[in-house]
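Engineer: Since chain X is already given, all that's left is putting chain A on it; use the hints.
Line order of the protein sequences matches chains X and A.
Residue 149 in this note's numbering sits at position 1 of the first sequence, and the numbers go up by one each step.
Residue 574 in this note's numbering sits at position 117 of the second sequence, and the numbers go up by one each step.
FYI, nobody ran anything at the bench for these hints, they're computed from the structure.
Fair warning: there could be bad hints in the mix.
Claimed, not checked - Derived, one-sided and incomplete: chain A residues facing chain X with beta-carbon distance under 10 Å:
1. R522
2. Q578
3. N619
All C-beta atoms in this analysis are idealised placements derived from N, C-alpha and C, irrespective of residue type, glycine included.
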Amino acid sequence: MNRSAQTRNRAFVITGLGIALLVAVLLSPFASSDPDGLDRVAQDHGFDTKATEDAPAQRLPFYNIFEEYALRGAPEGIATPIAGLIGTLVTFGLAWGAGKLFVKGRSSDTTLSDRDYPDQLPR
Amino acid sequence: MIDVLSFGLSTLALPSQFLRMAPPYLALHIPDGFLNLPVSLFTWVATLVLIAVCLKQVQRDYQERAVPLMGVCAAFIFAAQMINFPIPGGTSGHLLGGTLAGILLGPWAGSLVMVVVFIVQAVLFQDGGLTVLGANIFNMGLIGTFGGYYLYRAVRSAVGFNTWRGMAIGTVVAAWTSVVVAALACAIQLGLSGTVPMGVALSAMLGWHVLIAIGEAIITLIAVSYIWRTRPDLLFDPPQTRTALPRPLMPR
Numbered sequence: 149m150n151r152s153a154q155t156r157n158r159a160f161v162i163t164g165l166g167i168a169l170l171v172a173v174l175l176s177p178f179a180s181s182d183p184d185g186l187d188r189v190a191q192d193h194g195f196d197t198k199a200t201e202d203a204p205a206q207r208l209p210f211y212n213i214f215e216e217y218a219l220r221g222a223p224e225g226i227a228t229p230i231a232g233l234i235g236t237l238v239t240f241g242l243a244w245g246a247g248k249l250f251v252k253g254r255s256s257d258t259t260l261s262d263r264d265y266p267d268q269l270p271r
Numbered sequence: 458m459i460d461v462l463s464f465g466l467s468t469l470a471l472p473s474q475f476l477r478m479a480p481p482y483l484a485l486h487i488p489d490g491f492l493n494l495p496v497s498l499f500t501w502v503a504t505l506v507l508i509a510v511c512l513k514q515v516q517r518d519y520q521e522r523a524v525p526l527m528g529v530c531a532a533f534i535f536a537a538q539m540i541n542f543p544i545p546g547g548t549s550g551h552l553l554g555g556t557l558a559g560i561l562l563g564p565w566a567g568s569l570v571m572v573v574v575f576i577v578q579a580v581l582f583q584d585g586g587l588t589v590l591g592a593n594i595f596n597m598g599l600i601g602t603f604g605g606y607y608l609y610r611a612v613r614s615a616v617g618f619n620t621w622r623g624m625a626i627g628t629v630v631a632a633w634t635s636v637v638v639a640a641l642a643c644a645i646q647l648g649l650s651g652t653v654p655m656g657v658a659l660s661a662m663l664g665w666h667v668l669i670a671i672g673e674a675i676i677t678l679i680a681v682s683y684i685w686r687t688r689p690d691l692l693f694d695p696p697q698t699r700t701a702l703p704r705p706l707m708p709r
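In isolation and in its complexed conformation, chain X is listed as follows (with noise of 0.2 Å):
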C-alpha cells in the first residue's frame, strides 16, 4: 500500500467513526423513546409475562455501570450520550480487534478481499 493510499484510508476511517460518535452522542437523545427498551416497556404495559425478570445479563458487572443505555449515576440528559460514547468506541476497538485476529492476508493491494481478484495475488 503506498502513503497516499494510507493518509486516505486513514482519513476514511477517522471521518466514519466521527459519524459514528456524533449518532450516539448528538443524535440519541432525540430517538423515539421505546420498542427496544423491550423488557422495561414490555412490564409497563403489564403483558409482558414471560420476559425474564432476572435477566442474567443483569448479573454481570457491567449492570452496574450501565442499565441499558444509560450511564448510571449521570445527570439524565448525558447518561445516554454516554452510554453512545463508550458503546461506540468499545464496539469499534472490538470489531478492529476481532479483524487484527482473523485476518491473515497482508494488504500487498489495495481491496479487502482477494476473492475477486485472483490474477493479483499468488495465495
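Structural biologist: Chain A in isolation, oriented as in the chain X frame:
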C-alpha cells in the same frame, strides 16, 4: 396470555387499530424468556455454524486493509441502532445494519461485525437476552449479511453492476427485504416457542416491519451512497469502471 390473544384478534381487524394496539415487545431484540429451549438451541447452533464459516473465510480471503473498516462499520451500526425513528402508529424502529455490513465488507467480515455489535449490546447494555443471543444474531445480523448481501448482488447485477442505479436499487430492495425476513424469522421463533400464537406473531410482526424496513432501506442507501461517491474502492464489490482511480499502482 389472554391479553396476547385478544390483542392478536384485534390486530387482524383494522390496520389503524392494529397500529395503535400492537405491543412494543414485538420488536426485534428478543429478551430472555421469549424463546423456549429447543428454539434457542437451534438458533444458537445455526448461528455458531455460520460464524465458524465466516471466520474461516475471513482468515482465508481478507486483506488487512479490511480491519479498520470492520471497526468503522461496527461503530456506525452500533450508533445507528441506538437511534429509534418513529413510524406511524406510535411505535419506533431502528436500523439493523446487516445488509449494510454485508454490502460494505462482504458477508464474511460483515457477519463478524454484526456479531460484535450484538455482543456489546447484550453484554454491556442488557439489550437482547444472553440466552437468545444466537437468535438475535441470526435474525438481525446474518439474515442481512447473507440474505441481504446476495439479494443486493443479484439485483445490482440485473440492473447494472457498475451503475449508481444498480447499486441503489439493489441496496434498497435488499435492505427492505432483510428486515421483513428478519421479522418473520423472529415471529416464527416466538410462535414455535409458544410465546404467541404463530398467526398472531406473523401478522403483527409483518405489519410493523414493512414500515420499519423502509427506514432500513433509506439509511442503508444513504450510507452506501456516501461510500460509493467518496471511496467506491472500499466496497466489497467495487464498481469496476472506477477502480482505476484509487489503485494506480496495481497491474490489472
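Engineer: Next step is simple, just say for each hint if it's right about the structure.
Structural biologist: Verification of the supplied hints:
Hint status for R522 (chain A): holds, given a least beta-carbon distance of 4 Å to chain X, under 10 Å. Interface restraint check for Q578 (chain A): the shortest CB-CB distance to chain X comes to about 8 Å, inside 10 Å, so the restraint holds. A least Cβ separation of about 13 Å between N619 (chain A) and chain X goes past the 10 Å threshold, and the interface hint is therefore violated.
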